[in-house]
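Guided by the hints, dock chains B, C and D onto chain A, whose structure is given.
Chains as they are written, first to last, in this note's numbering: chain A, 46 to 389; chain B, 46 to 389; chain C, 46 to 389; chain D, 46 to 389.
What the hints contain is simulated information worked out from the structure, not anything from laboratory work.
Predicted model only: the values in this text are computed from it and were never measured.
Beta carbons: idealized from backbone N, C-alpha and C, even for Gly.
Any given hint might turn out to be false.
Calculated from the model, a selection of chain D residues having no Cβ within reach of chain A, i.e. all distances over 10 Å [what the hints assert, rightly or not]:
| # | residue |
| --- | --- |
| 1 | Glu164 |
| 2 | Ala184 |
| 3 | Glu290 |
Simulated DEER-style distance windows between Cβ atoms [to be verified]:
| # | chain 1 | residue 1 | chain 2 | residue 2 | range |
| --- | --- | --- | --- | --- | --- |
| 4 | B | Arg185 | C | Gln303 | 30 to 36 Å |
| 5 | C | Gln317 | B | Glu73 | 27 to 33 Å |
| 6 | C | Gln317 | B | His120 | 43 to 49 Å |
| 7 | C | Thr109 | B | Ser107 | 56 to 62 Å |
There are 4 protein chains.
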Amino acid sequence: MIRTTIVGGSGYTGGELLRLLLNHPSAEVVQVTSRRHLGEYVYQTHPNLRKHTGLKFTDPDSLTPVDVLFLALPHGEAQRKIQHYANLAAYIIDLSADFRLDNPQTYERWYGAPHAAPEWLGKFIYGLPELHRAQLQDARYASGVGCNAAASILALLPLVKDNLLESEKPIIVEIKVGSSESGAEGNPGSHHPERSSVIRTFSTFGHRHTAEVIQELGLEQVSLTMTSVDLVRGCLATAHTTAREGVTIKDLWHTYRQVTNENPFLRVVKEQRGIYRVPEPKILAGSNYADLGFDLDPRNRQVVSICAIDNLMKGASGSAVQCMNLMLGFEETLGLEFPGLHPI
Amino acid sequence: MIRTTIVGGSGYTGGELLRLLLNHPSAEVVQVTSRRHLGEYVYQTHPNLRKHTGLKFTDPDSLTPVDVLFLALPHGEAQRKIQHYANLAAYIIDLSADFRLDNPQTYERWYGAPHAAPEWLGKFIYGLPELHRAQLQDARYASGVGCNAAASILALLPLVKDNLLESEKPIIVEIKVGSSESGAEGNPGSHHPERSSVIRTFSTFGHRHTAEVIQELGLEQVSLTMTSVDLVRGCLATAHTTAREGVTIKDLWHTYRQVTNENPFLRVVKEQRGIYRVPEPKILAGSNYADLGFDLDPRNRQVVSICAIDNLMKGASGSAVQCMNLMLGFEETLGLEFPGLHPI
Amino acid sequence: MIRTTIVGGSGYTGGELLRLLLNHPSAEVVQVTSRRHLGEYVYQTHPNLRKHTGLKFTDPDSLTPVDVLFLALPHGEAQRKIQHYANLAAYIIDLSADFRLDNPQTYERWYGAPHAAPEWLGKFIYGLPELHRAQLQDARYASGVGCNAAASILALLPLVKDNLLESEKPIIVEIKVGSSESGAEGNPGSHHPERSSVIRTFSTFGHRHTAEVIQELGLEQVSLTMTSVDLVRGCLATAHTTAREGVTIKDLWHTYRQVTNENPFLRVVKEQRGIYRVPEPKILAGSNYADLGFDLDPRNRQVVSICAIDNLMKGASGSAVQCMNLMLGFEETLGLEFPGLHPI
Amino acid sequence: MIRTTIVGGSGYTGGELLRLLLNHPSAEVVQVTSRRHLGEYVYQTHPNLRKHTGLKFTDPDSLTPVDVLFLALPHGEAQRKIQHYANLAAYIIDLSADFRLDNPQTYERWYGAPHAAPEWLGKFIYGLPELHRAQLQDARYASGVGCNAAASILALLPLVKDNLLESEKPIIVEIKVGSSESGAEGNPGSHHPERSSVIRTFSTFGHRHTAEVIQELGLEQVSLTMTSVDLVRGCLATAHTTAREGVTIKDLWHTYRQVTNENPFLRVVKEQRGIYRVPEPKILAGSNYADLGFDLDPRNRQVVSICAIDNLMKGASGSAVQCMNLMLGFEETLGLEFPGLHPI
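Isolated chain A, as found in the complex:
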């Protein structure tokens, strides 16, 4: 049993990590920290875990050494104490945005301030196994992924990998997200009477997750537009691109079949009948799958490619546990078998 600690365990990604690790056959959770809820049972904050664990939140300033440290802190905090954390654990997986970008200049441009530990940026692998499986198997440090970035990257990945796109044409990614994406802290716009039934575009372009898509796929021109809709968990990225001349729907099928065969958590959803013909995030709640879909308009070579995920799982804590599995030599899918619910 490897020993793990979650630093910053009262938020949604921390809670989801805890649920996964408590259920993981090869891991145990030693500590979960929270300043605000210090001394309280974790199930008072994460009520689904009642009767599953007697853990209480502990002080983040009193960490004991463990094998794997998960950092689920607000953006900007991990980078200021990264050496301290590295002294406590051989493996670190940081779910914040602090170590996702490789380049300090790029970081400063998108986050508006210099990075506090730029020398560490190169040590972290971007934690999306579908892109960096081999590297993660040798890694000691992995970053989490931005949920919108993960969905956008996976929507575009098959097309980019097989070089099927005209990359100088606009690459528009329209992202629809649930309310858990903005975290466990409320704000005026998340008050239920205001947030219920919304179709609310909160970022037309310039969202920070764009930087991850550019870095990982090399698509400088990509634009991300983000709209909140009425569900709690879920993220659907719809990418609009232009296929190279000559690309057929058969080529797309070939590419998608291959990529989903190679990756245990990718699935193609493209049915001719039934209710669930395309990727949909609602049935992914709690699961680590990313469901992929695609279509090609022969009229103008426009490609619509789609990725649905649970933003807290494949878009955060699920990918983090998947990284841990790879880094520690476990089966990649270990502890991530929950298939999601239907209906929901």
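Chains B, C and D alone, transformed into the frame defined by chain A:
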């Protein structure tokens, strides 16, 4: 045209009052106050009113005299300045809980502190026209109603009026409410990921609105239990009582037909087919109707009586405007004709 | 008072028309037809109208002559009997797709069958007053609009009108819609457990409403992608286009201010603070407004332009009544003053 | 590994059974039947199971012998072929209402028709382990539970077990349910525009599940009232009863602690702070827990006792697998460890 002012216009009841008064053929709105949003356009807070009014929020300390003053302040504020307000307007309608109870001792028992202006309690008429129509026609001061109280009272009113109940048996009122009931200020439990899809019982008994039901109907034993469900506007009160021996379903029909004939905003909903066979709050959003239903179990004389309202309309601002109409001699339904939407 | 009849009054657009016409100061409703609900009170199907009207559904084969005939039939039916309807009323407004396209060949291409009355296509004005106000003032026949087409056209209209776009670049319109858009008849995918919380892309491209956008704006390359989300009423169209070189955000402001000044039901929503900074359909339920927003990414000249509507109002019945007002010389906004609700 | 078959696998309880059994460490699924979807992959109907199973729906008329047969058929079908099924498997768990009631007369009174196999009624144990654990350990046949009955029984069980109630006073159970309770087949009222945001009382009293509560708890006077609210999975039963004189809140605590200690899937939820102070069904989606709460009004000895469940799990398929575990000598919680999600 009578001149009106809304003191405390940035909350949900204030906004709803404003919508109604802007549309009222015999009233105009002179001022709407808000300390927090001072100087901002009211449509920035109430976005449905964009292009409907150029009003800006004004300072509550700079009120000009008008005909009717609507007070939509947090509970406890109006009673501390009621003489000041009375100097500014011949008619006052206070939507808070400050002047709903007649008796200072009762007020102190339910609200936990002595009333600041006990001599004013007797001057206010409880603002439910279905109970006090004649008095309101002569009144200068009316209180608003608690939304849960209004729904409970109207669910029980026909039965009480015609003395059909065994009043010594338990009188249970189960109330289900939408999220707008708790007001425009967020709290941890109103954060969308936590509030969405809830069935959350927030008061098992002892809710302050109980005092209004006891006062208005004389039912000392009434218990109110309140549960939040997933909608924004709407309140359904289901009362469980025991009929006197010999009471038949025909007697109930007679009583309900009479009460709905006498009151323009009461309707019986008791259909044998179709989707909408019973009172439902969703179709009442924005309307001032209270829809009533009933059933009698011959097995044990249990009566189920139901009232559906929009908590911001019949449960607050709609009843307030209805009171104004009566107090100023207008047609009772003036400015309250919007029938609600279907589907919604 | 002009006399009107609604043919096909049991569906959602028929019900919404009825609500508007019952409230219209210069119109009265003579008949509302429904084969399925023949003889039933209209309020049994449209429960919001209880106590508002004693009308019953009548036989569509027994129409009496009126001034204005509203046809709210399933697509394909009106064209087969249009001469019959024209004998009954001087003015016809058809809300189906039968008379939206001018060209019989275009109709056949998008609808898969020849038009039954091609000679009538040229007699109908496309019923979007923002495009055809002057023509409608002289018209006797107007078509309704496709709700997605209306939102897409209004999202793009200001940019096209002032020739601000590079029209050879991709024009992507991402549309998110509520469940009322598919009509009052259920289907397996509209069953609540399956439809709740969805983000479900039901049309990647090729939706029939595309033909209306091409016809009305002359944008041959436009692609419409449609996704169902969890609300009942509402449609948000987000258009992604490329601005001509040199176009600035100031130019866009100028254009949008002008177009919203010229059109009573268009509003710009582009705020720097508050919750409602961009167009959102939820606050438009029941209202005839189309709210417009825009943004320009100087990095790559991508323009995001947005239009929010209530699909049953501005996207159907509201525009139809607005057309009637123009055709009969009434004030354009008559009977359409309901501003929508907040919160909702 | 025991071998199981699900007869009637395309509905919601069948799908949920399949999810549980595919994940069960000691069971395997041999067949899942569906006439309508014969030959299709089960994941086309239950999209969460894509990549989890290659099973296809098979013909219910071609069953092979197995160890355990789960019958998830529409009410009335299992009883007509029960001998046939008994020839195919040593153990049968029937999730319909066919074998819940012990007495043929009672069955006929509540279901309106004589039972087709009355001699089998006595062979089935009512499948709620919290009531019949010891009997189930020796049983070969178990019935499922009505979801509303299960929630009502568990809400009342601690009070009845310790004889804390005045049983001659009214026993009112108010039940709020999600949309999955009515099954996978749509109806006019389940169409999303009509079902969304409802608070719709569909049964004032007389619901068939009442018979199960009367039988299992001996409370002849119990009344069940059922109201649909807006969520997919979840059932909250709120029981209103009168405590015997002298019963204190401490007595209730004692009783509830005991009953939840004795039953692995019962939990008390009664917190003084935090968001989740009382039982709530939303966090139970996919889990087999029943969360219990209670309160006592010293003013009038009214007791409010609450039970929250996932109607498809503890209210159907979860209890069925729990019964299987007991019947076959497995650990009671095997395969039922999923704790539910937060947020959701």
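How the hints compare with the structure:
Separation of Glu164/D from chain A is adequate, the least Cβ-Cβ distance of about 36 Å exceeding the 10 Å criterion. For Ala184/D, the requirement that its beta carbon stay farther than 10 Å from each beta carbon of chain A is met, with the minimum near 26 Å. At roughly 33 Å from the closest C-beta of chain A, the C-beta of Glu290/D stays outside 10 Å, upholding its exclusion from the interface. At about 49 Å, the CB distance of Arg185/B to Gln303/C disagrees with the hint of 30 to 36 Å.
Between Gln317/C and Glu73/B the beta carbons are some 30 Å apart, a value that agrees with the proposed interval 27 to 33 Å. Between Gln317/C and His120/B the beta carbon distance is about 33 Å. The supplied range of 43 to 49 Å is therefore violated. For Thr109/C and Ser107/B, the hinted distance range of 56 to 62 Å is satisfied, since their beta carbons lie about 59 Å from each other.
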